[in-house]
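Make the full structure from the sequences, and use the hints.
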Amino acid sequence: MSEPEAGHNWLKGCTCFRLRRTARRMTQVYDHHLAAVDLTLTQYSLLANLVRREPPSVHALAALMGMDRTTVTRTLKPLIGRGLLRLEAGADRRSRHIVVSPAGQALWDQAKPLWRAAQTEIETRLGPAETADLHRLLDQSFARLGEEHPEMLRP
Numbered sequence: 311m312s313e314p315e316a317g318h319n320w321l322k323g324c325t326c327f328r329l330r331r332t333a334r335r336m337t338q339v340y341d342h343h344l345a346a347v348d349l350t351l352t353q354y355s356l357l358a359n360l361v362r363r364e365p366p367s368v369h370a371l372a373a374l375m376g377m378d379r380t381t382v383t384r385t386l387k388p389l390i391g392r393g394l395l396r397l398e399a400g401a402d403r404r405s406r407h408i409v410v411s412p413a414g415q416a417l418w419d420q421a422k423p424l425w426r427a428a429q430t431e432i433e434t435r436l437g438p439a440e441t442a443d444l445h446r447l448l449d450q451s452f453a454r455l456g457e458e459h460p461e462m463l464r465p
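Just add 310 to the spot in the sequence shown (first one is 1) and you have this note's numbering.
No lab work stands behind these hints: they were computed from the structure.
Careful, some of the hints might be misleading.
Cross-link-like lysine to any residue pairs, in silico, SDA-like; alpha carbons within 20 Å at most [to be verified]:
1) Lys422 - Thr337
2) Lys322 - Arg335
3) Lys322 - Thr332
4) Lys387 - Ala421
5) Lys387 - Asp341
6) Lys387 - Ala413
7) Lys387 - Met377
8) Lys387 - Gly376
9) Lys387 - Leu374
10) Lys422 - Val409
11) Lys387 - Leu351
12) Lys422 - Ala345
13) Lys422 - Ser411
Simulated DEER-style distance windows between Cβ atoms [what the hints assert, rightly or not]:
14) Phe327 - Arg403: 41 to 47 Å
15) Leu436 - Ala401: 42 to 48 Å
16) Glu440 - Ala345: 22 to 28 Å
17) Ala373 - Ala401: 15 to 21 Å
18) Lys387 - Arg426: 23 to 29 Å
Ideal Cβ positions, reconstructed from N, Cα and C, are used throughout, including at glycine.
This is the structure in structure tokens:
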């Protein structure tokens, strides 16, 4: 077996590679639908988490999203630049809270049906039973992967 073939076989057996490859494919479906309002799936997810709760700190949003703070900050910058979000000083002056502007709320309202269309496309392509199975397996995997070595997890 040649070296490239051996590498390819290794990747086919790598759970993380397969999961990330599938996640990228799904993200492309969502990004395609959300392009009409100039949002990526990651930006939409942040916005969706912000419009549904009291303004969190960047740190709290990172923990909620399972992302590191620098990635959240990098994702927030264009949304702040577009006037969809703003940062406000927190109670202790060291923390800043993310607030959705009226323009951000309006854009999220526009984006919701596009996100639903992407959801419907995924469910149609996978089938309802497979989609439900996938959700169950992902939720179960997420929980189990945090049980044994919680010290490895970072927000």
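Going down the list of hints, with the structure as the test:
{"no.": "1", "hint": "Lys422 - Thr337", "in the structure": "holds, 16 Å"}
{"no.": "2", "hint": "Lys322 - Arg335", "in the structure": "holds, 16 Å"}
{"no.": "3", "hint": "Lys322 - Thr332", "in the structure": "holds, 12 Å"}
{"no.": "4", "hint": "Lys387 - Ala421", "in the structure": "holds, 19 Å"}
{"no.": "5", "hint": "Lys387 - Asp341", "in the structure": "holds, 18 Å"}
{"no.": "6", "hint": "Lys387 - Ala413", "in the structure": "holds, 15 Å"}
{"no.": "7", "hint": "Lys387 - Met377", "in the structure": "holds, 15 Å"}
{"no.": "8", "hint": "Lys387 - Gly376", "in the structure": "holds, 18 Å"}
{"no.": "9", "hint": "Lys387 - Leu374", "in the structure": "holds, 18 Å"}
{"no.": "10", "hint": "Lys422 - Val409", "in the structure": "holds, 19 Å"}
{"no.": "11", "hint": "Lys387 - Leu351", "in the structure": "holds, 15 Å"}
{"no.": "12", "hint": "Lys422 - Ala345", "in the structure": "holds, 12 Å"}
{"no.": "13", "hint": "Lys422 - Ser411", "in the structure": "holds, 17 Å"}
{"no.": "14", "hint": "Phe327 - Arg403: 41 to 47 Å", "in the structure": "holds, 44 Å"}
{"no.": "15", "hint": "Leu436 - Ala401: 42 to 48 Å", "in the structure": "holds, 45 Å"}
{"no.": "16", "hint": "Glu440 - Ala345: 22 to 28 Å", "in the structure": "holds, 26 Å"}
{"no.": "17", "hint": "Ala373 - Ala401: 15 to 21 Å", "in the structure": "holds, 18 Å"}
{"no.": "18", "hint": "Lys387 - Arg426: 23 to 29 Å", "in the structure": "holds, 27 Å"}
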